[in-house]
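S.K.: Next come the chains, spelled out residue by residue.
Protein chains: 2
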Amino acid sequence: MKVSILSIGDELLIGQITNTNAAWIGAEFSAAGIEVVEQLTVGDDARAIGEALEHCRARSEVVIVTGGLGPTHDDVTVEAVAARLGLSLTLDRDWLSRMEQYFKSLGRGMPPGNEKQAMLPEGAERIDNDCGTAPGAWIESAGFIIALTPGVPYEMQSMLKRVILPRLAARVKGVARVQKTIYTTGVGESALAAKCEQLDPPLSSQLTENLKLAWLPSPLGVRLRLTASAPTEAQAVAALSRFEAHLLKAAAPYVFGEAPGTGEVLLEAVVGEMLRAGKLTVAVAESCTGGLAGSRLTNIPGSSSYFVGGIIAYSNDVKTSTLGVSAEVLTKFGAVSEECARAMAEGAREMFKADIGLAVTGIAGPEGGSPEKPVGLVWIALAGASGTIARKFLFERDRARNRERAAQAALEMLRRRLLKA
Amino acid sequence: MKVSILSIGDELLIGQITNTNAAWIGAEFSAAGIEVVEQLTVGDDARAIGEALEHCRARSEVVIVTGGLGPTHDDVTVEAVAARLGLSLTLDRDWLSRMEQYFKSLGRGMPPGNEKQAMLPEGAERIDNDCGTAPGAWIESAGFIIALTPGVPYEMQSMLKRVILPRLAARVKGVARVQKTIYTTGVGESALAAKCEQLDPPLSSQLTENLKLAWLPSPLGVRLRLTASAPTEAQAVAALSRFEAHLLKAAAPYVFGEAPGTGEVLLEAVVGEMLRAGKLTVAVAESCTGGLAGSRLTNIPGSSSYFVGGIIAYSNDVKTSTLGVSAEVLTKFGAVSEECARAMAEGAREMFKADIGLAVTGIAGPEGGSPEKPVGLVWIALAGASGTIARKFLFERDRARNRERAAQAALEMLRRRLLKA
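Taken in order, these protein sequences are the chains called A and B. Numbered according to the working numbering, the first sequence spans residues 1484 to 1904. Numbered according to the working numbering, the second sequence spans residues 1484 to 1904.
Accuracy of the hints is not assured; some may be wrong.
Since the list gives no way to pick out one identical chain from another, each pair is judged satisfied if it fits inside one copy or across any two copies.
[Claimed, not checked] Pairs of lysine to aspartate or glutamate residues, derived as EDC-like cross-links and limited to a Cα-Cα distance of at most 16 Å, are as follows: (1) K1856 <-> E1608; (2) K1663 <-> E1727; (3) K1695 <-> D1557; (4) K1695 <-> E1494; (5) K1695 <-> D1493; (6) K1903 <-> E1727; (7) K1762 <-> E1562; (8) K1695 <-> D1528; (9) K1587 <-> E1879; (10) K1836 <-> D1800; (11) K1815 <-> E1887; (12) K1663 <-> E1716; (13) K1663 <-> E1494; (14) K1599 <-> E1562; (15) K1663 <-> D1493.
These are calculated hints, taken from the structure and not from any lab test.
Hey, can you work out the whole structure from these sequences and the hints?
M.R.: As structure tokens, then:
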């Protein structure tokens, strides 16, 4: 079964609202094993709605239409859909009286505009709205299913979960679909892809119509989304597992987590769980990240059981006065150096009496670079009971991304150390 | 001029990613007076891309295509577009060598997959990517303009602002349109709207087809986007100014900045400029925000001239050992109290020898609340030469939003203090 999503509203086209409805519907359908083939968005315009409907009919058996069911003059979805399908509109007296009662319960009369919300295309089945006055509609026309819902997210979501999705899922049979998302960091998309192609056999040679791999890069890392389809769920799971095992031969060192479906995994949550399990505490010393690493670690509820505190040591004076970085290190090697990062990590560990001290110092940019120490240069150090390690990174030119990537790299260094603990 | 937006990527269809690109492009075009008539999203599928392109060509003179320019096998946008237009692909040797140099500067060879990113449709003009390896392309084919950009938001945004939008804007003429965005914080959307309606005349009564006001709420504040259209630019500017002056009678205390068009204003940049102008320095002491306030302040290039450093005082021990919060304050009033916030702010000011100490302590949630001190309770204090002030906030139940709102409120408290300095 192929489904299209048609979103209606001028506010979407001018970017006043981001279309979170389409993403939400896509995720729900994907989880139910129903394929969304296209999303379309048009304005509150009867002709554009009609043409979009034709476009969807040519590519899918179902279209979910959201938006344009309100009481005002610019809400034209019902009229436009009915006109395109050659259906007249009929008054749903039951819904009209329910609306009238609703307004009466609020102590006022029904505004005249709302009456049109009780008009539905002939033959359409009403989908009740349990939190608003605009009903949805289920229309079947020559094998094409059109489900109309309001654009208000919770009203749409309620109709989709209560009525639309269960009905469609009941009509789908045969194919089981399993999906998983693998989270990596510390390796670029192209470098990881190259490693996967050096496998024997190359990873891409294993892909088929029923086994798909999507690469989803971001400044913080590359997510890999695996999808397997098969006649039974057991077969799909087995195919996914075989493929994943092969993929991990190349990707394992960079993988910090995985989740079923399109679930999210946060590196700070993974690291937090490892610290909790090892009964270890951590403190941070941050220069160029200015608190970002601490902020990431404390994103997680309950992080107070392993995160003690941190120093944002932005100026050299602070590096010396609070963390005990010696004036000699600062003059001889500079604030962005292996020596300074090590001293900061050790200083934080000592000052906060933590098991692990984690330090970041670098040149976030756009100013402050030199030929020897360019913008994007970051030193990260980790001090623990078994000694101190430090690593150099060369990120990019953008300040915000350098800071984000430095905080992520610090958390990843912590994760790798904890793996060995 | 009518424009369509075609977004490409399986991850959009299955809802793993919300299509913020389409909204961003829509807002930019809207600000430039260019009409977006449709948004389409299809998967990484050459046939679907080709058909979507036809659909756009029938409805608009320009299509902005985002996504599918990466180095991996599932990136098929360039091939699909070229095939549909009947164009062959040619190697852009200049871009290839630039990519090779880029990878060399990182100390490694170019992965083989990246080579395809130097393949462009014949006759296409390359659009440089200043922060990634995927170039964009500008193609004109029988009066139809196709602009290809990567799906990575900042890469797309850079190409759109540098090249695509200026070129298209130069082709549009007729009505002058002026737009401005006003940034507020510390007041909710409904409360601000009510204040605007209490004006004489009520603000909404001033709106017309040629004078529009959009309310854009977020957890950090409400943005107000004003748009005026008129036969000449001078008339549009005058209409906008009159309306803004009226609006400010209600909104002024909450306004921290404004920008032409849909430009961004960051509270940390406004505060940073005030600190710099006043030759003042600031240090932070953060509990529930865990470094977020410091991270916000150091977002800004050159912040080292006014931001000295900070303490992430997550545990009570750290509040005492580093900031000198007395054990008595902690036992008698607790860590989330006016007394503790004041002691933290004063401690940070002293420890870092800063002109101003700014402290945040609160219960971010989801655990840790009580009837007297519920989740969302936050105390913020500011210590300066003229004394210490503190203010209580009650935010909401969501941990992430509580932290974001607390950091924002701290910066706003700093801004208001600096206004009086």
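S.K.: Next step is simple, just say for each hint if it's right about the structure.
M.R.: Results for each hint:
| no. | hint | in the structure |
| --- | --- | --- |
| 1 | K1856 <-> E1608 | neither (61 Å within a copy, 35 Å between copies) |
| 2 | K1663 <-> E1727 | within (9 Å within a copy, 50 Å between copies) |
| 3 | K1695 <-> D1557 | between (42 Å within a copy, 9 Å between copies) |
| 4 | K1695 <-> E1494 | between (35 Å within a copy, 12 Å between copies) |
| 5 | K1695 <-> D1493 | between (35 Å within a copy, 10 Å between copies) |
| 6 | K1903 <-> E1727 | neither (23 Å within a copy, 61 Å between copies) |
| 7 | K1762 <-> E1562 | neither (56 Å within a copy, 53 Å between copies) |
| 8 | K1695 <-> D1528 | between (37 Å within a copy, 12 Å between copies) |
| 9 | K1587 <-> E1879 | between (50 Å within a copy, 14 Å between copies) |
| 10 | K1836 <-> D1800 | between (22 Å within a copy, 10 Å between copies) |
| 11 | K1815 <-> E1887 | neither (28 Å within a copy, 39 Å between copies) |
| 12 | K1663 <-> E1716 | within (13 Å within a copy, 54 Å between copies) |
| 13 | K1663 <-> E1494 | between (34 Å within a copy, 13 Å between copies) |
| 14 | K1599 <-> E1562 | within (10 Å within a copy, 48 Å between copies) |
| 15 | K1663 <-> D1493 | between (35 Å within a copy, 14 Å between copies) |
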